[in-house]
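*Asks:* All chains should be built: construct the whole structure from the sequences, respecting the hints.
Protein chains in written order, with the working numbering: chain A, 3 to 268; chain B, 26 to 268.
Rather than coming from a laboratory, the hints here were simulated on the basis of the structure. Hints may be right or wrong, so weigh each one.
Straight-line Cα separation of at most 27 Å, BS3-like style, residue types lysine-lysine; simulated pairs [what the hints assert, rightly or not]:
hint	chain 1	residue 1	chain 2	residue 2
1	B	224	A	171
2	A	224	B	118
3	A	164	B	153
4	B	55	A	171
Listed here are the chains, written in short residue letters.
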Amino acid sequence: MAAKPDFINMIAMDNSLLLQLIIGILIGLSAGYVGSFMVLRKMSLVGDALSHVALPGIAIALLMNINPFFGAFTALLLAILIIWFLEKKTELPSETLVGIMFTLSLALGLLLTPEPELLEALSGDITKVTFFDLWLTLALSMVIIWTLKRIADNLMLGIISKELAMSLKIPIHKINFIFLFLAAFIVALGIKVAGTMLTGSLVIIPAAAAKNISVNLSQYSKWALIFGALSAAAGLLSASYFDISPGPTIILSAGMIFLGTLVFKK
Amino acid sequence: MSEVILKVKDLSVGFERDKVITGLDFSVNKGDVVAIVGPNGAGKSVLFRALLGLIPHFGQIEWARDLKISYVPQKFSIDKELPLSVEEFLKFKKKKTADIVDTLESLGIMTAKHAHHSEFHLQEHILKQRLGWLSGGQLQRVLIAWALLDNPDVLLFDEPTAGIDLGGEETIYNLLKKLHQERNMTILLISHDLNIVYKYATNVLCLNKEMICYGTPSTVLDPSSLAKLYGGEAGFYKHDRHG
Chain A
3 MAAKPDFINM IAMDNSLLLQ LIIGILIGLS AGYVGSFMVL RKMSLVGDAL
53 SHVALPGIAI ALLMNINPFF GAFTALLLAI LIIWFLEKKT ELPSETLVGI
103 MFTLSLALGL LLTPEPELLE ALSGDITKVT FFDLWLTLAL SMVIIWTLKR
153 IADNLMLGII SKELAMSLKI PIHKINFIFL FLAAFIVALG IKVAGTMLTG
203 SLVIIPAAAA KNISVNLSQY SKWALIFGAL SAAAGLLSAS YFDISPGPTI
253 ILSAGMIFLG TLVFKK
Chain B
26 MSEVILKVKD LSVGFERDKV ITGLDFSVNK GDVVAIVGPN GAGKSVLFRA
76 LLGLIPHFGQ IEWARDLKIS YVPQKFSIDK ELPLSVEEFL KFKKKKTADI
126 VDTLESLGIM TAKHAHHSEF HLQEHILKQR LGWLSGGQLQ RVLIAWALLD
176 NPDVLLFDEP TAGIDLGGEE TIYNLLKKLH QERNMTILLI SHDLNIVYKY
226 ATNVLCLNKE MICYGTPSTV LDPSSLAKLY GGEAGFYKHD RHG
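*Replies:* Right, here's the structure in full:
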């Protein structure tokens, strides 16, 4: 109980924490929503692998002295193009290739990333966010949530039955591509918060928790958004309170929410 | 004669050396009920997919212009954990709840016998359920409702009553018959049950990688073509024309 006024004081006294909270919550919201469909598409591990693919992109951006977000996004875009192509051309599970791709890029990233920035790239550091990050995050999360809402029905139909969707003339490959594109965006954004090692979990855990307690799609989307935002907020506040790194505390908060939802599992 | 709405010419599906279907020729008139029969692996579902343009094929498939075609795939499993309600699923077809309720009722999912209050309760109940929680028969009926929701001109049913009990099967075939009679709907269905074929089909297409026969059930379903179709193992019709 006594902690509550402490938190308020903490935010009030620290403009940077407020900025972090806004950015973190925005990313949490969109990560939860995108994650909800990644979980349904059985892409949980792909999400994880994707975040590792970003590492060499970040490294190259750092070496070229540009914003790491753009490096990460470029690398991710390349990765999703490959995944999309494979999904379209084969019925094979893309697991093997994703597995290979992710370890290779991790190896490459570890070699390329300058030593001082390596830990930050791996576990994220939202404490260094700027106002530019705020505008970027605000714009991108709005685009992500709006776009995903528009394709959600068709995406879901494709998940239930590809044939059923195709018989309705739904451009399923296009829809899948747009979705993977959104996934690349959110992972690139999430790396700022949780780093390349943990972003996959930021996308997946809130959605997995939401799935535990939802009977229908609208509940599911709503809870995924809420749990994403809640994980980010709780993680950032506790990290600031205990003066530790926020990436891991965000993921641990998400994990605690997941455990909580198991009790109410439908 | 009534108008031709589907013309299939020299249709083949598969790879050069491994054909699933070869050299199919047939046409369907408006208002026909065509039953496609054949053993497992004969290419019946593949034929449907080709007709819908879902898979590549050789030869010609010509549908009449501006047809609304609905398709019910062979019974598929839905993840029990999938967070999607029956109502949300049916609303993917962008229809009003009233239409959904009407269609479900015509399929015998909700009976109108109940008093007003409990009837409402029942409707609420099934619509709010998770799709993955339905029994096999319920799911199949919901899929059929899905297909009927936008008043199609042509229905393609892949084993419409798989997993449905005997009484339910009657209901569904009687509904198909009604749709056929009232709306002159054209129906193509895959069935294992030759009784059903005799009772409801106007035409039958016997398929076993190639076309074995095509015509009215009583003219084409003779012992020799059945033997050819099922490899002489069809015990349904015994023929005693020895000597």
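*Asks:* Against each hint, give a clear statement of whether it holds in the structure.
*Replies:* Results of checking the hints against the structure:
no.	hint	in the structure
1	B/224 with A/171	violated, 33 Å
2	A/224 with B/118	holds, 22 Å
3	A/164 with B/153	holds, 24 Å
4	B/55 with A/171	holds, 23 Å
Violated hint: 1 only; the structure is consistent with all others.
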